[in-house]
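Work the whole structure out from these sequences, hints included.
Protein chains in written order, with the numbering used here: chain A, 1 to 253; chain B, 1 to 269.
It should be emphasised that the hints constitute simulated quantities derived from the structure, not laboratory data.
As the structure is a computational prediction, the values presented were derived from the model and not from experiment.
The C-beta atom is built at its ideal place from N, Cα and C for all residues, glycine as well.
Don't take each hint at face value.
[What the hints assert, rightly or not] In silico EDC-like pairs for lysine to aspartate or glutamate, Cα to Cα no more than 16 angstroms straight-line:
id, chain 1, residue 1, chain 2, residue 2
1, B, K231, A, E138
2, B, K231, A, D3
3, A, K13, B, E258
4, B, K255, A, E6
[Stated by the list, open to error] Far from chain A by the CB rule (all over 12 angstroms, computed), these chain B residues:
id, residue
5, L41
6, Q63
7, E80
8, L94
9, E96
10, T122
11, M130
12, K209
13, E234
14, Y239
15, Q242
16, R263
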Amino acid sequence: MYDMKELEKKWFKYKLKQSIPWFILVIAVALMILYYNNRVKVNTLLVDYYNQISEKYFPKKIETNTTIVTLDNRTQVVEVPLPLPDINESEDELNVSDEIFDTNDTLYETNSSNPFFSSIKDAPEVDKKTPEEILEDEIEKRHEKKYIHIKKSSDAYQEVEQRFVTSQDPEDALFLARIYYEKKNYKKAEEWAFIANELNDESEESWLIYAKAKAARGEYLKAIHILDSYLQKTNSLGARKLLEEYKAKLSKK
Amino acid sequence: MSSYKLLKNIFVDTIDVDEYIELESALYSYNTLFDSISRPLKMILLFGRPGTGKSVLLNQIYQNLKYQREIHYFDAPSIEPREFFRKFFKLVTLKELPKNTEVNFTTLIDYCKSIRGKREITILLDEAQMYDEQMLEKIRVLSDTGAIKFVISIHKTQNEDLIAKEHFQTRIWETIELRNISKEELKTYIHKKLLKRNYFDIADTIKEKHIHLIYSFTKGNFRECNKVMFKIFEIYEYYEAQPNSKIDTKKFSTKFIEMAAIRLGYINV
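Here's what the structure looks like:
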């Protein structure tokens, strides 16, 4: 009889070899399951953490209070953001006080860094900030709080007009035309609409303000002529409507 | 005596007719060969890979027909032509060749021609691939006399076509190929072998999975199957002889099948 012990050893070796692919498969499946579970867990943790941070610093809905201010004879609604929650500054310090509103003829602007407007009030500084507060301040800087800056309109117009001398920006000209028209200063509106149109004759608003300003001054025929000219270039519904309106008014006269 | 020793001896490779197991495929081959021998053919070629049952079939035919017709079985090839023709001379002339004399081939041919139509002699040549070309050529000439019919059994090797193409191309009128058996037949073969010796319990423990495993190693070859079964029972015998032997007689051991396969080189570890 041959060496049975040796044969047994060979058989164990064979079984071991035979089971290696199964071991590898089982380990691979186990690793995949572990990886998947951990990934889900990590993702859940990350999402939770992100949600906490988001809720803390970026509330989904910023509640606003509404203040009604009078601008000339018109009424405008100005939205003032409420103070952000969980920031270690007192409510009073963060609230924009009523003092910042000028109930006279005013404009509002949200960008405090714009040199065109001067800031009304700096946010009070907090002494002895903790690291968490410093971090919060850093986040806050990246997502600037909106402050309302109000300036007297006459100054604003002057500054836009001054800036236009150097910028020759058709947007500025159009802005002035729009504002003057709203203020019923039709002559000025007509002038600025003309300038805006000279710089960019494809701006429909410049054509329309120009025509409307003319019509407002009773010059319907000229307004009709302007709108006709514009309608030869385009097929604007707004222009056509105005044209019909002015033609009707002209026929009544 | 150990029962496993008796069991392993059932699978000793032999061509003994008593050990012949009638399987469907073997029966088909037997009937084909029987019909071919009955017809006036000069040559019949029986071929197949080693262990497909050629020798068993030839022996079976010889045993069944030896009292009915003039049939002779050359189980081992005579390497020396002189020895072959001495044997051949005796069965054809029914006389012993005198000592220190040799058979004159031309005279032998003439004698064979003279008995044509009077006698019909069938010679079963096993392991014919062992004969050299010169001998095969002489066998061809003898078959041409019309008095001698040869059944030539050869291994299916790379040179398997040698005889058919070069020497007996026009004379072999019937070819019978033996192939390995199917898994189902292997199961029948093993079970019948065991049941023939009344080992019902052992036969009952050998299930499909064991047959599948044995078949994967042996590919349905009788000789290989016998070798594996012999080794399995030899391993059983060893463990039975060990003190505190824990052989489970109710279950056939897959482990022992694998160990036998390792021992016989079917599995390389």
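For each hint, the structure was consulted:
no. : hint            : in the structure
1   : K231/B - E138/A : violated, 83 angstroms
2   : K231/B - D3/A   : holds, 13 angstroms
3   : K13/A - E258/B  : holds, 12 angstroms
4   : K255/B - E6/A   : holds, 14 angstroms
5   : L41             : holds, 48 angstroms
6   : Q63             : holds, 35 angstroms
7   : E80             : holds, 37 angstroms
8   : L94             : holds, 50 angstroms
9   : E96             : holds, 47 angstroms
10  : T122            : holds, 44 angstroms
11  : M130            : holds, 31 angstroms
12  : K209            : holds, 15 angstroms
13  : E234            : violated, 8 angstroms
14  : Y239            : violated, 8 angstroms
15  : Q242            : violated, 9 angstroms
16  : R263            : violated, 6 angstroms
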